Structures are given as C-alpha cells and as structure tokens.
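Chains A and B are the protein sequences, given in the same order. When the letters of the first sequence are read in order and numbered with my numbering, they come out as residues 1 to 161. When the letters of the second sequence are read in order and numbered with my numbering, they come out as residues 1 to 161.
Think of the hints as simulated: they come from the structure by calculation, not from any bench. Be aware that a few hints might be false.
No copy is singled out in the list; a pair is fine if it fits within one copy or between any two copies.
[Claimed, not checked] List time: in silico DSS-like cross-link candidates among lysine-lysine, alpha-carbon distance up to 25 Å:
#1 130 to 142
#2 68 to 142
#3 47 to 130
#4 47 to 68
Computed from a predicted model, the values in this text were never measured in an experiment.
Listed below are the residues making up each chain.
Protein chains: 2
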Amino acid sequence: MTTIYLVRHGIAGQFGDFENDRDRPLTPEGQGKTHRIARHLNTLNIKTELILTSPYQRAHQTAQILLKEGLSDHLETADFLEPDSNFDPLHQWLTHWPGKSLIIVGHEPNLTNTAAHLIHGTPNNNIQLKKAGIIGLETPSKGEILGRSTLFWLTPPRLLL
Amino acid sequence: MTTIYLVRHGIAGQFGDFENDRDRPLTPEGQGKTHRIARHLNTLNIKTELILTSPYQRAHQTAQILLKEGLSDHLETADFLEPDSNFDPLHQWLTHWPGKSLIIVGHEPNLTNTAAHLIHGTPNNNIQLKKAGIIGLETPSKGEILGRSTLFWLTPPRLLL
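One chain only, chain A, in its complex shape:
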C-alpha cells in the first residue's frame, strides 16, 4: 500500500508574461500560501519518502517549499509530470515504485485525471483541485492500482489556511 498525495502547484505568474510557459514562477502570494500550507501539513504529521515533481518552474518551486518545510528529505523531477502528459508513464512508474509514501507535485487536469484513473479506472473532470490543493490516495497493497485505489482526502487550500 502506498499513500500518495497529489499537490497542485501554487499561484503562479500570468500566462503570457513569460516567453516560455515552463518558466512561470510562483508569485510572492503563491510562495507565501504554499509555505503556510506546507507548515499546516507538517502539523498533520505528513512525512513522505519522496517528492516527485514536474520540472516546470511553478511546480518545482512548490516542491522545494514542501521539501524545505520538512514533508520529505528527497526531491526528484519527472518529465512525465509535465502539463498534458499521458497517464501511462506515471502509471508504470507508480506500479513499480517500492515506497510507501509519496508527494507528486504537478498540473491540472493531469492530477485530477490521475486521481480518477486510480479510483475509477477512467479519467474524469468532476474533481476540483485548486492551486496548492491536495488529494490523498491509497493504492492497494497488491495487484493493479487502476480503479482499485482509495480516495481519502481532497482539500481546497482555503480549508487548510
């Protein structure tokens, strides 16, 4: 069984203000809120073996804040967490990862589609994940994780601040 926390990146700079979308950073407000949420998660004793993040600046900065606030001691980037990525490589990675707890930092609609794949076996756009929002899932201890994982948490950031 693996506990997976899907975290959407915090509030970032405007699309169009940066030449390349992958370089958009968190705004000062986004950084502040993400720090506060990370501290709150710390008070809930959330500690994971790894933070896996999209390499895009706004996600990577969010992941670094979670690392700095002590939610994990390890951070890795994964190209298959970039926006508009197909779910298959993440599915393969999750199926073979031997750890017990993990934070994934990425983008929408990838994250809610990942959750829907794990819970229902199909994508779905009826789960709402705001910026710096969190989804908590548990995969089964054996066998296929698609459609067989459990959703135990979904929270908008305003309910964590």
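Put chain B on the given structure of chain A with help from the hints.
The following block gives chain B in isolation, referenced to the frame of chain A:
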C-alpha cells in the same frame, strides 16, 4: 447550483448492545468529537439552508449537534437516508429541491455511493468516509445532476480536529 455537504454520523455505541440498530446513540467520545468538528466547520463559514438527516438515532444526534453549533437553522428527517436505502428517492429529492446549500447526515456506504453517483454516474466503493467525515459537492446549475456534479472536498475527521 447547490452545495451539498455529506456528513457521516459520529462514533456510536456497539452494534449488538442495542435491541434495534436504529436506536444506537453516539458515544460520549462521538458527541465530543462531533461538537469539535461542527465548531471547526463554523469557523470555515459553512452555513446551510437545511440539514437533512437519517432518522436513526446516531445520525439524528449528529444532525442536532450541527444544528446547535449553527451550521443551519433547519433540520428535517428523511426515511430515504436510512442505511441500505436505494439512491433513487434521494436523487429525486435533490433534483427537485430548490435550495442552494444543504447538509445530509447519514450512513455508509450510502454517502460515498451518493457522491460517486453524483460525480461519475455510478456507485463506487473507492471513496473512504470515516465517521464524522465530510464530503463537499456542487451540483450543476441546470440539468441532470448524476455524473455532472463536482467533488471539491473530502476530509477525514482527524484532519479537522
């Protein structure tokens, strides 16, 4: 659009200690925790037009605590919220209810199946709702609510205390 909060009753007396399952009350611990959660919901400015509850003692007591802590001014019971009820009468009721915000207090697996019906159009047992846990949903402003509502919140009680 209606905002629906599904709340599972708090910790209740042991099955078997009461002649009729519908009479099992909340334990003192269940009452205390439910009060604390209700106060927390109040600090999040959750205020609804109606609390609709299963008539079973453990649910009705939970609903009365939510009422007392100010989460609504109105409380009604509905037989179609009893354990093992079919989703159809609740579906009909929700489709015709004209209000904008509602708390439903009931039992498992009815509540998570209600959520799955609203989000995906089908029941599903991969959503975990602990006692005194909460699910937040928004139905669309027009048309069919099945498979077209949005899940924005799911929280175990330990993350609210």
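Verification of the supplied hints:
| no. | hint | verdict |
| --- | --- | --- |
| 1 | 130 to 142 | between (31 Å within a copy, 23 Å between copies) |
| 2 | 68 to 142 | neither (33 Å within a copy, 45 Å between copies) |
| 3 | 47 to 130 | both (22 Å within a copy, 22 Å between copies) |
| 4 | 47 to 68 | within (12 Å within a copy, 37 Å between copies) |
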